[in-house]
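The residues making up each chain are set out below.
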Amino acid sequence: MQLVANIIVLSAIYALISCGYVLIYRVSRVLNLAHGELMMVGAYLLLMTASFTSNPMVAIPVAAVLSLTMGALVYLLLMRRMTGESVLAAILTTIALGILLRGLIVIFFSAAHQYPAVPLGIHSSSVQVLPGARISSLSLILVVVTALVYASLFAFLRLSRWGLRMQAAGQNPLLAAQRGINLHAIYAMVWAISMFTGSVAGMLISLDAGLDQTLIMIGLKAFPAALVGGLDSLLGALIGSLIVAAAEVLLIQYVNPLLADVVPFLILIVMLVVRPWGLFGTREALDRV
Amino acid sequence: MSTLLTVKNLHVSYQRAITALTGVSLSVDAGQIVAILGANGAGKTTTLRAISGFIGLDNARVTQGSIRFDGTELARRPPYQITRQGIALVPERDKVFPNLSVHENLEVVSSRSAGAERARLQDLVYTHFPRLAALKKREAGLLSGGERQMLALGSAIVCAPRLMLIDELSLGLAPVIVEEIVEHLKSIRTDLGLTILLVEQSAAVAFRLAEHAFVMEHGEVVLSGSSAELESNDAVRNAYLGTGSEGRRSYRDLAMARDKELKA
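Protein chains in written order, with my numbering: chain C, -13 to 275; chain L, 565 to 828.
Read the hints as simulated data drawn from the structure, not as lab findings. Being a predicted model, the structure only gives us computed values, none of them experimental. Glycine is no exception: its CB is placed at the ideal position from the N, C-alpha and C atoms. One or more hints might be untrue.
[To be verified] Simulated DEER-style distance windows between Cβ atoms:
no.	chain 1	residue 1	chain 2	residue 2	range
1	C	V92	L	G679	48 to 56 angstroms
2	L	G709	C	I81	42 to 50 angstroms
3	L	E637	C	R66	18 to 26 angstroms
4	L	R657	C	P262	53 to 61 angstroms
5	L	T583	C	T69	21 to 29 angstroms
[As the list claims (entries may be wrong)] Reference excerpt, derived from the structure (chain L facing chain C, CB under 8 angstroms, subset only):
no.	residue
6	Y578
7	R580
8	T583
9	E656
10	D658
11	L664
12	E668
13	S675
14	G679
15	S719
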């Protein structure tokens, strides 16, 4: 039972991060390889707001709003200039952005392991979730938040006019512009949402386990989850996260704990060979990568 | 009747090398239906895309000339702003969002219309195209060619346009469907007081719909006049209807006659 609980928590982490990869790819066809770094920036934003206030009810929402704003700014100030350029140029830009952010974080926050939970007075306790299975209270919150985020995203994309416009922009940006849709506004919004969901994951992980540059590794491991599910499918991101998390937890338990950082990328390679468009993705979508 | 659209001496080149338009001038009065006729490569679609602001996305640009819509210069404005200004384009292909339902295709439109006006325009679309009303929840990718054309026209109508640009209304559609769409378009035009600029290879369809027409060849307007005048012009009849005074001719004859007679 403990294994099941661990798989659920790890898949929730991957799912919360991988939806950011999927959203940006699905709407703008850009593979954001800086997503792990942006997630980490979100966690550091919480560290920053925690230095101003010890009230988590203020520090967390303020950090979340800052991450939303920063996501939109990344598009408006940087990625917008990639409009009309090749997909490769856009991907290389995200890689460069990621490297830049890593450097800036060391300059501004140092490379030391830090604990945003301490100034906020947050203590994670152990909670029994299944018979014989316990997880930390922050992990439980993370699972609940992931479920809420996915339910909100599905509802937003299917039921709201802006969500439909996002889908329209992803299907045919030219026609979307012909229908009066401001593509830059849509792309800025999707970058903002993507950074927001990634940041929420980063904040919850750092509140539970502390914060340093190794957080990027979790962000990177969520990429195979997105690709296994299919880069343009939110449902795929959920299922992909579950597959990657299950494989990782089981191999750590029964084979070798050192496989933790290897397994997701092994699955990624197998998937790229067998079914490169993922379980729920479309062939057409992969052609554009 | 006031002039709604004026295109003056418009030059467009692709990739700074291929000249597509070499001084197109035309005007469209408010409330009129105007057709642009011409063979493949004459520059008809490029003219529509220049007006609607899309040539920038085709690696093309306006090198000279002006496009004025109701007194406002449109050249170099982004496409979505031109749509919100009141110009809606019905493109030749890729005209619907295939993974969205019929109703969602009408919902995604962002236009000058909002709230009650948007709902009124959607109702108008469903009234004129009852087939769409019956297929509201069907994915647009599963519609027939005619239904897609109806949906494309409907989406453009929800944009609350003052000027609708239609690229190849009849292309690939069965005559009976074209007939149905033309009739609906006429009554929608009356209901909304729409102005329509239509690019059409089928001169028969163009003359049925339009009051005025321009004939384009090699990137410029070579003839213009009322539909009745052009329909009775022997050169146009030979070139585009195949029914000139010399009777029906083969396509090769028509192409040669067109070159000779239009130049004369």
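Verification of the hints:
1. Evaluation of the 48 to 56 angstroms hint for C:V92 and L:G679 yields a pass: the beta carbon distance comes to about 51 angstroms.
2. Hint check: L:G709 to C:I81, Cβ distance near 43 angstroms, so the stated range 42 to 50 angstroms holds.
3. For L:E637 and C:R66, the hinted distance range of 18 to 26 angstroms is satisfied, since their beta carbons lie about 24 angstroms from each other.
4. For the pair L:R657 and C:P262, the beta carbons lie near 28 angstroms from each other, so the given range of 53 to 61 angstroms is not met.
5. For L:T583 paired with C:T69, a C-beta distance near 26 angstroms keeps the hint of 21 to 29 angstroms intact.
6. At its closest, the beta carbon of L:Y578 sits 15 angstroms from a beta carbon of chain C; the interface hint therefore is violated under the 8 angstroms criterion.
7. Hint status for L:R580 relative to chain C: violated, with the closest Cβ pair at about 15 angstroms, above 8 angstroms.
8. Contact between L:T583 and chain C, as hinted, is not supported at the beta carbon level, the nearest pair being about 22 angstroms apart and thus beyond 8 angstroms.
9. Residue-level restraint check for L:E656 is violated (minimum Cβ-Cβ distance to chain C is 12 angstroms; threshold 8 angstroms).
10. Using the Cβ-Cβ criterion of 8 angstroms, the hint placing L:D658 at the interface with chain C is satisfied: the shortest such distance is roughly 6 angstroms.
11. Using the Cβ-Cβ criterion of 8 angstroms, the hint placing L:L664 at the interface with chain C is satisfied: the shortest such distance is roughly 6 angstroms.
12. Satisfaction of the interface hint for L:E668 is found here, the shortest Cβ-Cβ separation to chain C being roughly 5 angstroms, below the 8 angstroms cut-off.
13. With its C-beta approaching chain C no nearer than about 5 angstroms, L:S675 sits inside the 8 angstroms limit, and its interface hint holds.
14. Below 8 angstroms, beta-carbon pairs count as interface contacts, and L:G679 has none with chain C, the closest being about 12 angstroms; its hint is therefore violated.
15. Satisfaction of the interface hint for L:S719 is found here, the shortest Cβ-Cβ separation to chain C being roughly 6 angstroms, below the 8 angstroms cut-off.
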